[in-house]
Amino acid sequence: MSNIQNMSLEDIMGERFGRYSKYIIQERALPDIRDGLKPVQRRILYSMNKDGNTHDKGYRKSAKSVGNIMGNFHPHGDSSIYDAMVRMSQDWKNREILVEMHGNNGSMDGDPPAAMRYTEARLSEIAGYLLQDIEKKTVPWAWNFDDTEKEPTVLPAAFPNLLVNGATGISAGYATDIPPHNLAEVIDAVVYMIDHPSAKLEKLMEFLPGPDFPTGGIIQGADEIKKAYETGKGRVVVRSRTEIENLKGGKQQIVVTEIPYEVNKAVLVKRIDDVRVNNKVPGIAEVRDESDRTGLRIAIELKKDADSQTILNYLLKYTDLQVNYNFNMVAIDNFTPRQVGLQKILSSYIAHRREVIVARSIFDKEKAERRLHIVEGLIRVISILDEVIALIRASENKADAKENLKVSYDFSEEQAEAIVTLQLYRLTNTDIVTLENEEAELRERIATLAAIIGDERTMYNVMKRELRDIKKLFGNPRRSELQVEAETIEIDTASLIVEEETFVSVTRGGYIKRTSPRSFNASHIDEIGKRDEDELVFYSQAKTTQQLLIFTTLGNVIYRPIHELTDIRWKDIGEHLSQTITNFGNDEEVLYVEIVDDFETGVYFAVTKFGQVKRVERKEFTPWRTYKSKSLKFAKLKDDTDRVITVNPILLDDVMLVTYNGYALRFNIEEVPIVGAKAAGVKAINLKGDDVLRSAFIANTDSFYLLTQRGSLKRVAISDIPQTKRAGRGLQVLRELKSKPHRVFMAGPVLSENSGAELDLFATEVEQTDEQILLVTSTTGQVTEKNLANLTLSERTSNGTFINDSISDQEVLSARLK
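Residue numbers (full-length UniProt numbering): 1 to 818.
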């Protein structure tokens, strides 16, 4: 029981998670700034090297290597080791592969590699240079997980692997993304920095101008590269290499030969094909992946007369043909994760190589000195050979012979051992020359090594020479092209829309849809899908390149490009505006809908229930940024009970207003100023008491009709209401009664032949016919039809004629033009 500790859960969680975080930061996910390797990669390379699984020998089953690595150094799942080994062998992930693999090691399409029992692997030649001199006490060592043998905590790294192969990883609180670079360029930068330790970044970038991805591509944004090299963070644009080829019959195709780093080719091809299938940009006929063993090739075949540049721009913008690469250069420096710039990476590498070269030189010098000591002893033996032979023959055994040599001729223990184990053939005359030559070589070597150890300049010259040798052996041309400026992709959105014939419909309740001509023609107008109490206020043939403006009773205007409407069958109900427009009110209704081609011309007038009128230009409703989710104001309402009763496009016509209490006023629209979308406008009519406006329409016909709430209908000549100024009281168009007075339920123009007049939008007509039929429904559900053209003209002050005998008692529930 003495081992039980009382701790709070918070303390336990904090302490354990802290330990776990420290482990995965230092021992799993982030590379070391010196050799650019994560622990699992270092263990793979060291274990394969230790087992002699090197480039100059045959391939060996991957499973055997993985087993040895797991058993000796990396006590984790075999898949994590094998996955790391496979990645180190993939030439589309690494600029210089460190493992060579026979068999299926995955692909750019994201295909998994074959199981480790099928593949074979060995170290690549360049990986040998990461491990070079590891046996010469050049790097620190630590016990492995079970304290049975030691493993290196860093490799000697004869080239700057962190920059050459880059790194990517995610740990607790830290992530890293270091891009691969060109070996020759990195070595040139290191060599320059050896000679100029305080080199400016601009100068280093003359040698190392930017990343060099194994998959090639075009890297745009020199300023961002400089920022990343300065701070460790930055973002560049990586673009595919494309060209446009001409085909037979005037067709073209876009050919992609290089794609951005770490982009999955199969997913990219699928996304491009999705663009074709969904017709997001017109003109793509077929997408083919034509890649083979000779290289990558994606062909995007275009239809005849397709705009190849627009299509290419669209694909660059909306698929992974172009991506952003985010530098986040984090590495373990002195057991601590740091965000590092180029100068820090290079200086840390140089400091590491300095330690390796000095440690190696000390090791080699000590070894050479030991050998020299023995060679000196052997040379002296040959000059007194007969005496030594006699002495050895007189000795009892090997130990006695060694002791006699040490006492009689002052040989050291090492020299005595070498003498007694000397083979007889070494006593030939030629061997003395060999020994003397070896002595001279050893003395020269010791002097050279002493100079390296004692003189920094000599040591740095050795470092530079070794780096240049690696550059000479493995240097290869740059694959990625660097461009100074990141090119902004501009797409003319109109050119992306496929022009199609369609039918657009909107109901008063706010249901909207577009319907294919096939579905529309297979149905009757009355078969439109809608709610029982709803009514169709607008339908029209249109093109997908056109746009809709939808005006509502709450003074809002909604913009919708027709191509963005969902294609729905005529008999289906459609999509409600509130599904996308967040500020669409519960009691909001559609008042007027118009198809527009441009926003340069056009003026609307709007009249509210409480008698305000305004004119507003269409350009005020030029598509706004948030049109998909928000409507725009076109009229200012007085309070919550106010409503817009009419919206209409207008030129220089007269406007007729009719109030609930039966007053009519006619004035020219020019009296109404053009104002902004949010302005309230001016007074249209002088309303008395509780009177409100019931109807407003363009007075360019000969007559207008008027229906009362008691079901009385009449037709009045426009000329009976002479033109006056706005804001007047108007003339009575009903005779006032003491009991059950008539009140205006609905009013509007009676269309004369070729008048071209617009109908009152409080009851918008959607289908123009020769007849103008008014459908009146009573409160008991009785429906009466009246042809307005057949009505005789009535006096201005009459109350008209009841539409049937019983309507006066029932009263009108609703009315609309058929």
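Certain hints may be false.
Claimed, not checked - In silico lysine to aspartate or glutamate, EDC-like type, Cα no more than 20 Å apart, as pairs:
1) Lys464 <-> Glu206
2) Lys280 <-> Asp51
3) Lys304 <-> Glu206
4) Lys303 <-> Asp289
5) Lys251 <-> Glu290
6) Lys226 <-> Glu487
7) Lys150 <-> Asp51
If you are wondering where the hints come from, they were derived from the structure by calculation, not from laboratory data. Computed from a predicted model, the values in this text were never measured in an experiment.
Hints and how they fare:
1. Lys464 <-> Glu206: The hint holds at about 18 Å.
2. Lys280 <-> Asp51: 56 Å, violated
3. Lys304 <-> Glu206: 46 Å, violated
4. Lys303 <-> Asp289: 18 Å, holds
5. Lys251 <-> Glu290: Holds - the C-alpha atoms of Glu290 and Lys251 are around 18 Å apart, at most 20 Å.
6. Lys226 <-> Glu487: Holds. Lys226 to Glu487 sits at ~17 Å (cutoff 20 Å).
7. Lys150 <-> Asp51: 14 Å, holds
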